[in-house]
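Start from chain W and add chain L according to the hints.
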Amino acid sequence: MNASEADVVQDVRHGNRDAFGRLVRTHQSRLFGLVMMMVRDRSGAEEVTQDAFVRAFTHLAHYDERRPFYPWLASIAVRLAQNWLVARGRTVRREGTALESAPEPGAEPGALSGLVADERRRELWNAVASLSSGERTAVMLFYRDEMAVADVARALGVTTGTIKTLLFRARRHLRERLGAASLLMGDVSPLSKDAS
Amino acid sequence: MTCAHVLGLIDAEPFAAYPQEHLDAARAHARECPTCGPALEAASLMTAELRALPGPDAPGDLASIVMARIAQQPEAGSATDPVTQRALAVAHGRDWSQALTALGALVAGLALILTMPSGTAALGDFVTPRFSAAAPLAMVPSSGAAALAIGAGLLLYVAGLFAPVRSKF
Numbered sequence: 001m002n003a004s005e006a007d008v009v010q011d012v013r014h015g016n017r018d019a020f021g022r023l024v025r026t027h028q029s030r031l032f033g034l035v036m037m038m039v040r041d042r043s044g045a046e047e048v049t050q051d052a053f054v055r056a057f058t059h060l061a062h063y064d065e066r067r068p069f070y071p072w073l074a075s076i077a078v079r080l081a082q083n084w085l086v087a088r089g090r091t092v093r094r095e096g097t098a099l100e101s102a103p104e105p106g107a108e109p110g111a112l113s114g115l116v117a118d119e120r121r122r123e124l125w126n127a128v129a130s131l132s133s134g135e136r137t138a139v140m141l142f143y144r145d146e147m148a149v150a151d152v153a154r155a156l157g158v159t160t161g162t163i164k165t166l167l168f169r170a171r172r173h174l175r176e177r178l179g180a181a182s183l184l185m186g187d188v189s190p191l192s193k194d195a196s
Numbered sequence: 197m198t199c200a201h202v203l204g205l206i207d208a209e210p211f212a213a214y215p216q217e218h219l220d221a222a223r224a225h226a227r228e229c230p231t232c233g234p235a236l237e238a239a240s241l242m243t244a245e246l247r248a249l250p251g252p253d254a255p256g257d258l259a260s261i262v263m264a265r266i267a268q269q270p271e272a273g274s275a276t277d278p279v280t281q282r283a284l285a286v287a288h289g290r291d292w293s294q295a296l297t298a299l300g301a302l303v304a305g306l307a308l309i310l311t312m313p314s315g316t317a318a319l320g321d322f323v324t325p326r327f328s329a330a331a332p333l334a335m336v337p338s339s340g341a342a343a344l345a346i347g348a349g350l351l352l353y354v355a356g357l358f359a360p361v362r363s364k365f
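As you go down the protein sequences, you meet chains W and L in turn. Okay, so the first sequence: first residue is 1 according to our numbering, each after it adds one. Okay, so the second sequence: first residue is 197 according to our numbering, each after it adds one.
This is chain W alone, in the form it adopts within the complex (with noise of 0.2 Å):
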């Protein structure tokens, strides 16, 4: 953790509430991609994005001041997106509808597409969108989140080897799925366009 989040988190230990806003604007998109590639649906991101700050609002004594912030509230959004998971199955089989056959929230990547603007990171988007859950899931908290492979399996409460496999598996399907889109629009390399 940087020296000045470690001075908010000292604020709001000490009864300054407000400064917690600063955790939250610093936060929040970020946090908010992650749960949206999670839950794939957009209240449902809100919902979980919002628990998941003021979780961390009350059990901040539970805080490790020593240890970056964002990966310990990223590990309480990952639980309850898995709730909110679970209880939308729940509720899906309580309605009569088998769960085999019931669209996963906003299954067709596609769905996320219009909140992304840019062409070229939509594709991508969407092709990380695509993977299993447990795969994409592993990719925005390495790769975008710049979690170590320790800290993801925390998060997501297996090992480290599974992580690695998740993430291997991952860039395989990724390749695979950039790699078809970049032929059929005529790019010999999938990942050469706009790449910076």
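Calculated from the structure, these hints are not laboratory results. Backbone N, C-alpha and C define an ideal beta-carbon position, used for all residues, glycine too. Keep in mind that a hint or two might mislead.
[Unchecked claim] Computed footprint of chain L on chain W; a stretch qualifies when at least three of its residues, placed anywhere within it, have a C-beta under 8 Å from a C-beta of chain L:
| # | segment |
| --- | --- |
| 1 | 19-26 |
| 2 | 45-59 |
| 3 | 64-74 |
| 4 | 134-148 |
| 5 | 165-177 |
[Claimed, not checked] Incomplete in silico selection of chain W near chain L, CB under 10 Å:
| # | residue |
| --- | --- |
| 6 | R120 |
| 7 | W125 |
| 8 | V128 |
This is chain L only, laid out in the frame that chain W set:
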């Protein structure tokens, strides 16, 4: 080093801790190989793009909604859900209560060992006639000092098991 090895290594490099000499050998191979060279370049670009992966913008009112909800909460760190509280209480009380439990068990075990008559034939001497029928289940020593030691050990053991767990939260 074959192309299959190099391609596998390229895929896993960002998150696997390979020895530096393996990576150097793979890069040397990739520089010469028409298959692995572009694959290495594409893999590097994929890593860069994934690290820069944008997401949807958070709702504009998210921060204000969160802060409004936080305003209704008790102080920061005052988690109220009982499951978490209990887990934390156990976590914080675990050290001394476990030590007490272990100490009690050690004292009781040591007393039993020191007062145990040698040979199985002496079991009748070890157990009072009153409890001889239940000897396998409840062995009560005839020696007063040993009984006191075992009693104290068991007391410590039970105290450790049922010790009230204090929480800082």
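Right, here's what the structure says about each hint:
1. Counting residues of the segment 19-26 of chain W whose beta carbon lies closer than 8 Å to any beta carbon of chain L gives 4, which reaches the threshold of three, so the coverage claim holds.
2. Under the rule that three or more residues need a Cβ within less than 8 Å of chain L, the assignment of the segment 45-59 of chain W holds, with 8 such residues.
3. Under the rule that three or more residues need a Cβ within less than 8 Å of chain L, the assignment of the segment 64-74 of chain W is violated, with 0 such residues.
4. For the segment 134-148 of chain W, the proposed coverage by chain L is satisfied: 6 residues have a C-beta within less than 8 Å of a C-beta in that chain, meeting the threshold of three.
5. Note: the segment 165-177 of chain W has 6 residues with beta-carbon separation from chain L under 8 Å; the three-residue rule is met and the coverage holds.
6. Here the hint on R120/W is kept, as its CB sits about 9 Å from the closest CB of chain L, short of 10 Å.
7. About 7 Å separates the beta-carbon of W125/W from the nearest beta-carbon of chain L, less than 10 Å, and the hint is met.
8. Checking V128/W against chain L by beta carbon gives a least distance of about 7 Å; that is within 10 Å, so the hint holds.
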